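Novice: Each chain, written out:
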Amino acid sequence: MTTSHIATSAGQDGYSPVRIIIALAVLAVLLVAPFGVYPVFLMKVMCFALFACAFNLLLGYVGLLSFGHAMFFGGASYICAHAVKVMGFSPELGILAGTAFAAVLGLVAGLLAIRRLGIYFAMVTLALAQMFFFFCLQAPFTGGEDGLQAVPRRPLFGVIDITSDLNLYYVVLAIFIIGFAIIYRTVHSPFGQVLKAIRENEARAVSLGYRVHQYKLMAFVLSAALVGLAGSTKAIVFQLASLTDVAWQMSGEVVLMTLVGGMGTIIGPVVGAAVIVTMQNYLASLGEWVLVIQGVIFVLAVSLFRRGIVGEIVAFIQKRKDAAAN
Amino acid sequence: MFELIGVAPQALFGQLLLGLINGAFYAMLSLGLAVIFGLLNVINFTHGAQYMMGAFGAWMLLNYVGIPFWGALVLSPIIVAIIGMIIERTLLRRLYHLDHLYGLLLTFGLALILEGLFRRQYGSSGLPYDNPLPGGTNLGFMFLPNYRGFVVIASLVICLATWFVIERTKLGSYLRAATERPDLVQAFGIDVPRMITLTYGFGVGLAALAGVLAAPAYQVSPTMGSNLIIVVFAVVVIGGMGSIMGAIVTGFGLGVIEGLTKVFYPEASSTVIFVIMAIVLLIKPAGLFGTAK
Numbered sequence: 001m002t003t004s005h006i007a008t009s010a011g012q013d014g015y016s017p018v019r020i021i022i023a024l025a026v027l028a029v030l031l032v033a034p035f036g037v038y039p040v041f042l043m044k045v046m047c048f049a050l051f052a053c054a055f056n057l058l059l060g061y062v063g064l065l066s067f068g069h070a071m072f073f074g075g076a077s078y079i080c081a082h083a084v085k086v087m088g089f090s091p092e093l094g095i096l097a098g099t100a101f102a103a104v105l106g107l108v109a110g111l112l113a114i115r116r117l118g119i120y121f122a123m124v125t126l127a128l129a130q131m132f133f134f135f136c137l138q139a140p141f142t143g144g145e146d147g148l149q150a151v152p153r154r155p156l157f158g159v160i161d162i163t164s165d166l167n168l169y170y171v172v173l174a175i176f177i178i179g180f181a182i183i184y185r186t187v188h189s190p191f192g193q194v195l196k197a198i199r200e201n202e203a204r205a206v207s208l209g210y211r212v213h214q215y216k217l218m219a220f221v222l223s224a225a226l227v228g229l230a231g232s233t234k235a236i237v238f239q240l241a242s243l244t245d246v247a248w249q250m251s252g253e254v255v256l257m258t259l260v261g262g263m264g265t266i267i268g269p270v271v272g273a274a275v276i277v278t279m280q281n282y283l284a285s286l287g288e289w290v291l292v293i294q295g296v297i298f299v300l301a302v303s304l305f306r307r308g309i310v311g312e313i314v315a316f317i318q319k320r321k322d323a324a325a326n
Numbered sequence: 001m002f003e004l005i006g007v008a009p010q011a012l013f014g015q016l017l018l019g020l021i022n023g024a025f026y027a028m029l030s031l032g033l034a035v036i037f038g039l040l041n042v043i044n045f046t047h048g049a050q051y052m053m054g055a056f057g058a059w060m061l062l063n064y065v066g067i068p069f070w071g072a073l074v075l076s077p078i079i080v081a082i083i084g085m086i087i088e089r090t091l092l093r094r095l096y097h098l099d100h101l102y103g104l105l106l107t108f109g110l111a112l113i114l115e116g117l118f119r120r121q122y123g124s125s126g127l128p129y130d131n132p133l134p135g136g137t138n139l140g141f142m143f144l145p146n147y148r149g150f151v152v153i154a155s156l157v158i159c160l161a162t163w164f165v166i167e168r169t170k171l172g173s174y175l176r177a178a179t180e181r182p183d184l185v186q187a188f189g190i191d192v193p194r195m196i197t198l199t200y201g202f203g204v205g206l207a208a209l210a211g212v213l214a215a216p217a218y219q220v221s222p223t224m225g226s227n228l229i230i231v232v233f234a235v236v237v238i239g240g241m242g243s244i245m246g247a248i249v250t251g252f253g254l255g256v257i258e259g260l261t262k263v264f265y266p267e268a269s270s271t272v273i274f275v276i277m278a279i280v281l282l283i284k285p286a287g288l289f290g291t292a293k
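Protein chains in written order, with the numbering used here: chain A, 1 to 326; chain B, 1 to 293.
By construction, these hints were calculated from the structure, which means they are not laboratory data. Nothing here was measured: the structure is a model prediction, and the numbers come from that model. C-beta: ideal position from N, C-alpha, C; glycine also. Treat the hints with caution; some may be incorrect.
[To be verified] Chain B regions said to be covered by chain A (calculated; three or more residues, Cβ under 8 angstroms):
1. 84 to 96
2. 230 to 238
3. 280 to 288
One chain only, chain B, in its complex shape (with noise of 0.2 angstroms):
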């Protein structure tokens, strides 16, 4: 059957794999964007930097302080949400009685400062970080590096853990009721200013925990945020910001079909996703699982 489509399997399945892990950041990164934009009515255009600095932060805690990639799995997030619920309380909370538009412009800016100080403090080319998990597994039909495979899973768990908790718990039908009218629900006792908070921290970290995942799987370096973060703006405008799965579907989707594409046609592999998106956009503007707002 391989050969007669004329692709070896290996080479397909690994590009697969990769589309896979690929589509595990999307995924993550535009749930934590949709989440995001959900509550506090802003697009978070940091949210490329903030994984930046998840994979960051690893590589800093492995170097400077000595902790490995398990400790800074839970580490690095933790303290790339503080910061960023820093921002929130002190920049963004400011804009929320205006267009979102600003919102967009002041998170642009953050990101620019920092991409900015981390290229001048570590340069524009990538710096390794050490595969915790080396070796592989040889499934019979392809050989699963266990890394990738790790990511994989763990990144599915993660957002269907959040899907979990947004759709079928207590905490969660708070967070859904505070989205469609949050003067209800704050009039109901709940402090739902400090819940904004903490839903930025939380798209923050999931952001951050996907850049530590990141960063042994590519390099780390600072423009790796600015490259994923408009993809996974097509991602969204794809899918629509209405369904929490809706979101975690098309990553994971859209990163499949990006891999087959560099198997059967390498040059459109860098722009399969955005001509997808025009696509879409004719075809259904609200995106495949938004409504139309």
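Isolated chain A (complex conformation) (with noise of 0.2 angstroms):
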């Protein structure tokens, strides 16, 4: 996808004294957050933030638009949710598991979507997901309809009590920031840069000798697995894994996150998140509603402000800079 307008201003690496302050701040902010507003809320936030963090990697990153990043997400929270409930795992032996989990489906669905590009990329991995999907609803380690419910939340590593919300939270902030810390440094490494070459001109790409087609491969693994990380954690918050979280829908509550937030930008999906998951919140009780208000978000972004709420901030930034130059 060309977002080459986002990519000037975004792809600075950057430990600047400023940026350093801003990261540090919105770190004591997240430290005593759990204080203010509800636990169980920030930490879905959370979730999801990672989760559209991790496919904005390879939408904004890559410009392969996948919409069937549910089924790493449901998926590995599925495997989460089994492997602590029914096989008596500890939560980071679940987490891990559904991580590799969500790792090795995303290898089998990479294999085959990256060998077709733009829209028919799109158009397979929805296919592939549907087919996850219909997976899970036949499948009996899942529980069909009903999911699986009260995934007990057992003492982490042993000793870390996380039956309170309040322990838990820090548990999910650690998990969050571990992968925003990969997801950036993968964006800001030589092999991001490359991400970036093939998002830009693949063909140009191809002719300099890189191995597209194992980029794209590792890229997409990369973010499969981190979604799935996502997703093993929400099972262990929620307590629950079900079918939400593998459906259509859901891949394209991901796809909405990162374009309203602002794809191809570091932080975008967390903002499209945080906004995102609010909305359901306060919404919830207008039922049908959120459907349609989601898509005329959808309509609204992509006709109005392609960049994203960050997107347009930083456009706006740039400009001011550029004015004062001059």
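Dock chain one against chain two, each of which comes alone in its own frame, and use the hints as you go.
Specialist: Okay, here's the thing in structure tokens:
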């Protein structure tokens, strides 16, 4: 996807003092946040933010629109819930199992999907995810329509009690920061530069000698694994894995979050996830209208602010800077 | 012979017929998607919702206005096509200069809006629509419900007529030319933007027509479109969007395969098309009738 206007501003590698100060301030806010805001809500936001960031790794930095990321999110959440509830795994091993499963599923789906480009890629991922949805619907271990409920919150590493939401909040925060750091490092690494080159001009990347398919596959697997990390964590937080997480609507939701926040920006998906989850929370009582409102946001975002919230802010600052320089 | 494979002929032919009907809908929908994509370079995610609107259009015309099935068969697709053309003029048109993916995202949003509105109004469970052709014919080896036979024949006629118009008439040659080089066609004095609008309307009308045909065969429900469109996407990936005849053959063929799977291995009937898609991607990534692009 052509997002070159964003790449110029977001592509700068940055450990500038301002950025470090902002990062520390955000961290401080996140550390005290659960004392002001309902922790379960914050954990939900973080799970979806990680989900959207990992999805954005593919859409924003490689230009691949996957319409099937729910299979990694929901699949990992089923595996984690099953491992913890039925097989008696500890939560950290359950999360690892879910993440590993998503990575393997990502490898299989990626091998198939990267054979096609553009809209075909979107359709292939959507179809593969739908196949996985039907598998989950029929497979005995997923609990069918009921899902896997009452997943126990056993002590983390055998010592840390996570039955209280506050304790669990800090665990989820740590997971989120680890996942976010991995994405940040990936985007700002030489590997990330090659991914951006593929996004901007795949033919040229091929002619420069890069094995484009391998790069795409690696990005796909990494994205799937991190989405799996988010999905597994969500299963622990809500003690639930259900068909909602593997349904196509979930794949659409993560696209919406990324689009609203700003694809191709590093924190855009976090903002988008926060906005959409907040909206869903406040509008939950409106029932079917939520679907309509999400659709309207989609249409508005595509028609009017394609750069998303963060992308528009970055563009605005850039414009001011350019004006000042002249 | 039937005893050998352990399946009653009634069940076999019954499922085969159901498969043909499903295949008819796959063919009509993927045909519309292919025609729209050819000219607009947009994958119309709203296609499923427009199919659903066609069915609801028939239901509303019957229940609110009293127009029977045969009138709705003509009216409903025209109404839905007009709504589609308004969408093309007001929203889709602004995205042609951008990446194709934005068109996909926009039409996905529209699909959510439409499905949400209909679910809000009519609930998620289906509404019944009376069969306009009750009764059936005994063919000797099976009992053929009249309406089902009609659906298969009608959709075959519609598909072949579409193929004929696009591949064998002057209008179709303009369309194919505009698909290749819109700028050149425009230079020859043909109003390409209007052609684009009408093409979108035609593709949408085709989806709505399939929806009207589906109304008596299935229930009329707000979710009927989104469930179908994902399968149709897989059909499109399998067939490739390069050829009109390819879309028709793939649609009907996959419907029949799905029907047969229901007889011999019902557990896989909902996934068989996706499995075939995976196999085709491994062997011939461009699709059976597609050209690599």
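Novice: Look at each hint and say if it fits the structure.
Specialist: Outcome of the hint check:
Remark: the stretch 84 to 96 of chain B is confirmed as covered by chain A, as 3 of its residues place a Cβ nearer than 8 angstroms to a Cβ of that chain, reaching the required three. For the stretch 230 to 238 of chain B, the assignment as covered by chain A holds, since 6 residues bring a beta-carbon within under 8 angstroms of that chain's beta-carbons and 3 suffice. Counting residues of the stretch 280 to 288 of chain B whose C-beta lies closer than 8 angstroms to any C-beta of chain A gives 3; at least three are required, and the coverage claim holds.
Checked against the numbered hints above, the structure breaks none of them.
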